[in-house]
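Please build the complete structure, drawing on both the sequences and the hints.
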Amino acid sequence: MRIWFITGASRGFGALITAEALAAGDAVVATAREPATITAKFGEHPRLLAVRLDVTQEEQARAAADAAIQRFGRIDVLLNNAGYGLLGAVEEATAREVERVFSTNVFGLLNVTRAVLPHMRRQRSGHVINISSLGGYAAYPGWGVYGATKFAVEGLTEALAAELAPLGIKATVVEPGFFRTDFLDGHSLAVAAPIADYAASSGVTRESATRLNHAQPGDPAKLARAMLALANATHPPLRLPLGSDTLARIEGKHRSVAAEISTWSELARSTDGDGAGVERHLS
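Numbering (full-length UniProt numbering), first residue to last: 1 to 283.
Hints listed in this document are in silico derivations from the structure and should not be mistaken for laboratory results. Keep in mind that this is a model prediction, so the values were computed, not measured. We treat Cβ as the ideally placed atom computed from N, Cα and C, and that holds for glycine. Just so you know, not all the hints are guaranteed correct.
[Unchecked claim] DEER-style ranges, computed between Cβ atoms:
1) GLN123 / THR39: 19 to 29 Å
2) GLU266 / GLY155: 24 to 34 Å
3) ARG269 / GLU34: 49 to 59 Å
4) ALA233 / GLY273: 39 to 49 Å
5) LYS253 / HIS45: 36 to 46 Å
6) SER201 / THR271: 26 to 36 Å
7) PRO46 / ALA199: 49 to 59 Å
8) GLY252 / ARG124: 38 to 48 Å
9) ALA165 / SER208: 32 to 42 Å
10) LYS253 / TYR84: 22 to 32 Å
11) GLY275 / ARG33: 52 to 62 Å
12) GLY155 / GLU34: 30 to 40 Å
Here it is in structure tokens:
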């Protein structure tokens, strides 16, 4: 029996993964700002612990991790799932809107990770799974600030994987594409005030978001099952893109980057110092 610690477990991916983990015989520490919403959804369950957690509050994160250890003795899988979106051009987003989305998606993830890792280090085992996004690998107009938070999650997870590997702890960043969740509803998404000059870029994204709501190609139930498969993997990947749209977008970005490197490689190499031996220094 694995012990999961899942943030944002009251709805969306978090609730579906909680249900899958319980059905598989695992135990779940399911966290939310209002733990009563978790109890209302799942009822009383001997392998379920509902815990109050606002991820932006580091003391709450530590208390939640301690509650998990007190109840189950260990944490095997940390799923950093809590987060929300911000739709708008980079200039359209106010300082307060930017601060809020980074506070949850990046600093909140760090709060929870710092709270859980001491227990995993003591165990010399565990798996940290961070939910990113297709937008964390390739940017879209209108999703620049939100994507920036997920780009941060990607970089943090890459470093974590290297830092934790000698301790027997794994780290994976998951990159879902567009899934039929409530992400585009008001509960999960803030929308910046529009500027008319961006109608042809972020404005188009706003319109498509309205059309796509609950009509996205991805099946959330299948994502939840994929997360159980990831947790079962003996050698999990550093990155797990989910959805054919994600795969296509990643492949397209790789082609674009390769073309730019080919075009600009001479200028790039021209900035090396004479006899610098860059490759030797970097190795």
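Structure-based check of each hint:
1. Checked against the given bound of 19 to 29 Å, the beta carbons of GLN123 and THR39, roughly 28 Å apart, stay inside it.
2. GLU266 and GLY155 have their C-beta atoms about 28 Å apart, which keeps the hinted 24 to 34 Å range intact.
3. Checked against the given bound of 49 to 59 Å, the beta carbons of ARG269 and GLU34, roughly 56 Å apart, stay inside it.
4. At about 44 Å, the CB distance of ALA233 to GLY273 agrees with the hint of 39 to 49 Å.
5. Taken as a hint, the range 36 to 46 Å holds for the pair LYS253 and HIS45, whose Cβ atoms sit roughly 42 Å apart.
6. Restraint check, SER201 to THR271: a C-beta distance of roughly 32 Å satisfies the suggested window 26 to 36 Å.
7. Taking 49 to 59 Å as the suggested C-beta distance range, the pair PRO46 and ALA199 conforms, at roughly 54 Å.
8. The beta-carbon spacing between GLY252 and ARG124, approximately 40 Å, falls within the hinted interval of 38 to 48 Å.
9. For the pair ALA165 and SER208, the supplied restraint of 32 to 42 Å holds, since their beta-carbon distance comes to about 40 Å.
10. Judged by the Cβ atoms, the range 22 to 32 Å given for LYS253 and TYR84 holds: they are separated by roughly 24 Å.
11. GLY275 and ARG33 have their C-beta atoms about 58 Å apart, which keeps the hinted 52 to 62 Å range intact.
12. The supplied range of 30 to 40 Å is met by GLY155 and GLU34, whose beta-carbon atoms lie about 31 Å from each other.
In terms of the numbered hints stated before, the structure departs from none.
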